[in-house]
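Generate coordinates for the entire structure from the input sequences, incorporating the hints supplied.
Residue numbers (my numbering), protein chains in the order written: chain H, 33 to 389; chain Z, 562 to 716.
Please note that a few of the clues may not be correct.
As the list claims (entries may be wrong) - With a straight-line Cα cutoff of 27 angstroms, these simulated DSS-like cross-link-like pairs (lysine-lysine) come out:
id, chain 1, residue 1, chain 2, residue 2
1, Z, 635, H, 146
2, H, 137, Z, 703
3, H, 146, Z, 577
4, Z, 577, H, 145
5, H, 162, Z, 715
6, H, 163, Z, 577
7, Z, 635, H, 137
8, Z, 601, H, 146
9, Z, 635, H, 162
What the hints assert, rightly or not - From the derived model, a few chain Z residues whose C-beta atoms are all more than 10 angstroms from chain H:
id, residue
10, 565
11, 600
12, 607
13, 612
14, 622
15, 625
16, 654
17, 665
18, 666
Claimed, not checked - To give an idea of the chain Z side of the interface with chain H (calculated C-beta under 10 angstroms), a few residues:
id, residue
19, 571
20, 574
21, 577
22, 703
Note that these hints are calculated values from the structure, not bench results. Positions of the beta carbon are idealized from the N, C-alpha and C atoms, including for glycine.
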Amino acid sequence: MAELQLHHLDKIYDNNVQAVYDFNLDVKDGELIVLVGPSGCGKSTTLRMVAGLEDISRGNLLLDGRDITQAPAKDRDMAMVFQNYALYGHMTIYENMAFSLTLRKENPNVIHKKVLAAAEILDLTAQLNKKPSQLSGGQRQRVAMGRAIVRNPKVFLFDEPLSNLDAKLRSATRREILLLHKRLNATILYVTHDQTEALTLANRIVCMSMGHVQQIGTPLELYDSPNNTFVATFIGLPPMNMLKVTIEDGKAKGDGFEVPLSAEDCAMLAPWSRKEVILGVRPEYIAEGGDLKLKVSTNENLGMTTLVHGKMGENTRLTAKFRSWANYKNGDIVPIHFTRMLFFDPETTNAIRKEGK
Amino acid sequence: MSDDRVTQLDRMRYTKNTASSRLALLAIVFDVLFFISLYKSDVDTYYYTILIGASIVYNLIFLLAAFLCSEGVKNYQVSYSWAMMVLGAGQILRIFIIPMDAHKTLVNNAPVMGDAQFTRIVIYLTLSAVALFAGAVINLQKSRALSAHLASLKA
Numbered sequence: 033m034a035e036l037q038l039h040h041l042d043k044i045y046d047n048n049v050q051a052v053y054d055f056n057l058d059v060k061d062g063e064l065i066v067l068v069g070p071s072g073c074g075k076s077t078t079l080r081m082v083a084g085l086e087d088i089s090r091g092n093l094l095l096d097g098r099d100i101t102q103a104p105a106k107d108r109d110m111a112m113v114f115q116n117y118a119l120y121g122h123m124t125i126y127e128n129m130a131f132s133l134t135l136r137k138e139n140p141n142v143i144h145k146k147v148l149a150a151a152e153i154l155d156l157t158a159q160l161n162k163k164p165s166q167l168s169g170g171q172r173q174r175v176a177m178g179r180a181i182v183r184n185p186k187v188f189l190f191d192e193p194l195s196n197l198d199a200k201l202r203s204a205t206r207r208e209i210l211l212l213h214k215r216l217n218a219t220i221l222y223v224t225h226d227q228t229e230a231l232t233l234a235n236r237i238v239c240m241s242m243g244h245v246q247q248i249g250t251p252l253e254l255y256d257s258p259n260n261t262f263v264a265t266f267i268g269l270p271p272m273n274m275l276k277v278t279i280e281d282g283k284a285k286g287d288g289f290e291v292p293l294s295a296e297d298c299a300m301l302a303p304w305s306r307k308e309v310i311l312g313v314r315p316e317y318i319a320e321g322g323d324l325k326l327k328v329s330t331n332e333n334l335g336m337t338t339l340v341h342g343k344m345g346e347n348t349r350l351t352a353k354f355r356s357w358a359n360y361k362n363g364d365i366v367p368i369h370f371t372r373m374l375f376f377d378p379e380t381t382n383a384i385r386k387e388g389k
Numbered sequence: 562m563s564d565d566r567v568t569q570l571d572r573m574r575y576t577k578n579t580a581s582s583r584l585a586l587l588a589i590v591f592d593v594l595f596f597i598s599l600y601k602s603d604v605d606t607y608y609y610t611i612l613i614g615a616s617i618v619y620n621l622i623f624l625l626a627a628f629l630c631s632e633g634v635k636n637y638q639v640s641y642s643w644a645m646m647v648l649g650a651g652q653i654l655r656i657f658i659i660p661m662d663a664h665k666t667l668v669n670n671a672p673v674m675g676d677a678q679f680t681r682i683v684i685y686l687t688l689s690a691v692a693l694f695a696g697a698v699i700n701l702q703k704s705r706a707l708s709a710h711l712a713s714l715k716a
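Next up, the structure:
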């Protein structure tokens with residue numbers, strides 16, 4: 033049982049720079065929450081505040097209802113896994129994993145059983161007598177996770193644990209983290225700047241920018257119904273196309289293109305009639321065939337899909353993701369249509385949604 | 562065999578034999594204490610003999626060998642136990658060479674090595690030898706227990 037509540041957390045440094053603004057989050061028992069955002073958005077600072085490595089300037093942090101805002105890191109019953117593994121190079125894997133328990137003067141036999149159990153979970157049994165330098169990056173990160181597991185903490189904190197790994201290893205280790213979460217049913221706070229990690233791992237995602245929480249929701253909510261243009265462009269790869277359009281005569285008119293709107297969209301966009309809005313189209317919401325013309329500039333084949341970059345009109349840049357192998361050349365005109373569209377207020381950048389949604 | 566004992570044995574698969582290793586290092590410490598207490602400069606020509614050179618060379622060899630043993634027994638290697646026993650026996654034997662000879666030899670009607678110095682040196686060498694023997698015995702016991710445990714795991 034480990035429920036974590038972050039109430040109105042602020043982080044203000046001594047030089048009056050505010051890194052985190054009014055952060056609110058209730059983490060349920062066994063939930064995997066991913067904090068995602070670009071560098072400098074305050075996600076790691078938030079994690080470090082939870083871990084007790086940074087002071088909390090304002091707000092409260094509660095673990096299972098107990099206020100731990102001022103509690104030292106060692107008394108918080110949390111284990112942190114760092115990006116750089118933070119393993120002791122002169123110790124064996126066994127000694128690294130047992131280290132925190134040895135410091136607590138636990139019974140050596142109990143430590144041994146815990147280390148073997150964690151090694152079994154992480155498939156590290158054969159590596160226990162080796163030194164960290166003899167292991168691959170992925171194995172080292174698993175050791176770092178093992179060191180956290182043996183402590184049996186209430187909350188696991190992961191600070192960009194996969195950033196040092198190459199793409200293939202990152203994907204494999206990501207799956208291991210997912211399996212680990214299912215197996216331990218642990219409460220996990222996970223920080224990353226990689227939206228793929230966020231989408232694949234999270235029960236819920238907290239998307240942050242400039243110290244502010246932009247949206248909290250399930251991966252599908254963030255992908256399908258982003259709160260604003262930041263979330264819309266940050267989640268999804270390639271990012272969502274943002275096109276300036278004017279709502280007029282049941283159409284969204286942009287530079288060199290016009291898109292007819294459904295009755296539902298017309299009703300929703302009635303207050304923006306003859307005004308400019310931002311039309312958001314994910315590359316995967318664009319399909320071949322239709323009335324719109326895309327002038328191709330580059331064509332990237334990715335195997336099962338093709339990314340086509342080009343322009344509609346003079347200044348409207350667009351990226352489309354087609355579910356086929358295409359070989360368009362620079363200058364080709366490709367007929368396209370949008371299968372789904374989102375709209376954003378250009379002033380507030382917030383999503384324009386139907387009443388009640 | 563109790564569960565605790567089995568776990569204790571199993572732990573040895575991943576932990577070093579620090580007890581034996583530290584005893585070997587302790588033997589080095591006592592040897593150094595012995596060696597820095599051995600010579601005196603105001604006893605005429607007593608120390609200008611071939612034995613002195615041999616004792617210095619042996620001491621260097623002892624330091625190196627004892628250190629290697631301390632590393633070897635860490636990994637439960639039986640052969641280092643025997644080496645430690647030989648080194649321990651050597652420390653006992655050394656009592657009867659220079660210290661004993663210097664204690665018996667008179668220069669200007671006084672022994673080269675007085676009672677107090679001789680006693681101190683005998684104690685250092687004995688302690689060094691005891692540390693080596695103890696380390697060797699502990700390593701023998703542990704490595705045999707570990708071998709038996711590994712054999713039972715294989716079976």
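Results for each hint:
A threshold of 27 angstroms between alpha carbons decides the hint, and for residue 635 of chain Z with residue 146 of chain H the separation of about 23 angstroms falls inside it, so the pair holds. Straight-line distance between C-alpha atoms of residue 137 of chain H and residue 703 of chain Z comes to about 23 angstroms, which keeps the hinted pair within the 27 angstroms bound. Among the hinted pairs, residue 146 of chain H with residue 577 of chain Z is consistent with the structure: their alpha-carbon atoms are about 18 angstroms apart, no more than 27 angstroms. Note on residue 577 of chain Z and residue 145 of chain H: the hinted pairing holds, with a Cα-Cα distance of about 17 angstroms set against a maximum of 27 angstroms.
In summary, the hint linking residue 162 of chain H to residue 715 of chain Z is supported, as the alpha carbons are separated by about 21 angstroms, within the 27 angstroms threshold. Distance hint between residue 163 of chain H and residue 577 of chain Z is fulfilled; the C-alpha atoms sit about 14 angstroms from each other, no more than 27 angstroms. Straight-line distance between C-alpha atoms of residue 635 of chain Z and residue 137 of chain H comes to about 22 angstroms, which keeps the hinted pair within the 27 angstroms bound. Restraint check: the Cα-Cα separation between residue 601 of chain Z and residue 146 of chain H comes to about 57 angstroms, which exceeds 27 angstroms; the hinted pair is violated.
Distance check on the hinted pair: residue 635 of chain Z and residue 162 of chain H sit about 15 angstroms apart at the alpha-carbon level, within 27 angstroms; holds. A cut-off of 10 angstroms between C-beta atoms contradicts the statement that residue 565 of chain Z is not in contact with chain H; the least separation is 6 angstroms. Distance check on residue 600 of chain Z: its Cβ is at least 38 angstroms (rounded) from any Cβ of chain H, clearing the 10 angstroms threshold; non-interface status holds. No beta-carbon of chain H comes within 10 angstroms of the beta-carbon of residue 607 of chain Z; the shortest separation is about 46 angstroms.
Annotated as non-interface, residue 612 of chain Z keeps its C-beta farther than 10 angstroms from every C-beta of chain H; the closest such distance is 41 angstroms. No beta-carbon of chain H comes within 10 angstroms of the beta-carbon of residue 622 of chain Z; the shortest separation is about 28 angstroms. No Cβ of chain H comes within 10 angstroms of the Cβ of residue 625 of chain Z; the nearest lies about 22 angstroms off, and the non-interface call holds. Listed as outside the interface, residue 654 of chain Z is consistent with that label: its C-beta sits roughly 37 angstroms from the nearest C-beta of chain H, beyond the 10 angstroms cut-off.
With a least CB separation of 49 angstroms from chain H, residue 665 of chain Z remains clear of the 10 angstroms interface cut-off, as annotated. At roughly 49 angstroms from the closest C-beta of chain H, the C-beta of residue 666 of chain Z stays outside 10 angstroms, upholding its exclusion from the interface. Hint status for residue 571 of chain Z relative to chain H: holds, with the closest Cβ pair at about 7 angstroms, below 10 angstroms. Below 10 angstroms, beta-carbon pairs count as interface contacts, and residue 574 of chain Z has one with chain H at about 8 angstroms; its hint therefore holds.
At a threshold of 10 angstroms, the smallest CB-CB gap from residue 577 of chain Z to chain H is about 9 angstroms, leaving the interface hint in force. Checking residue 703 of chain Z against chain H: minimum C-beta separation of about 14 angstroms lies over 10 angstroms; hint violated.
Of the hints listed earlier, those the structure fails to meet are numbers 8, 10, 22, in rising order.
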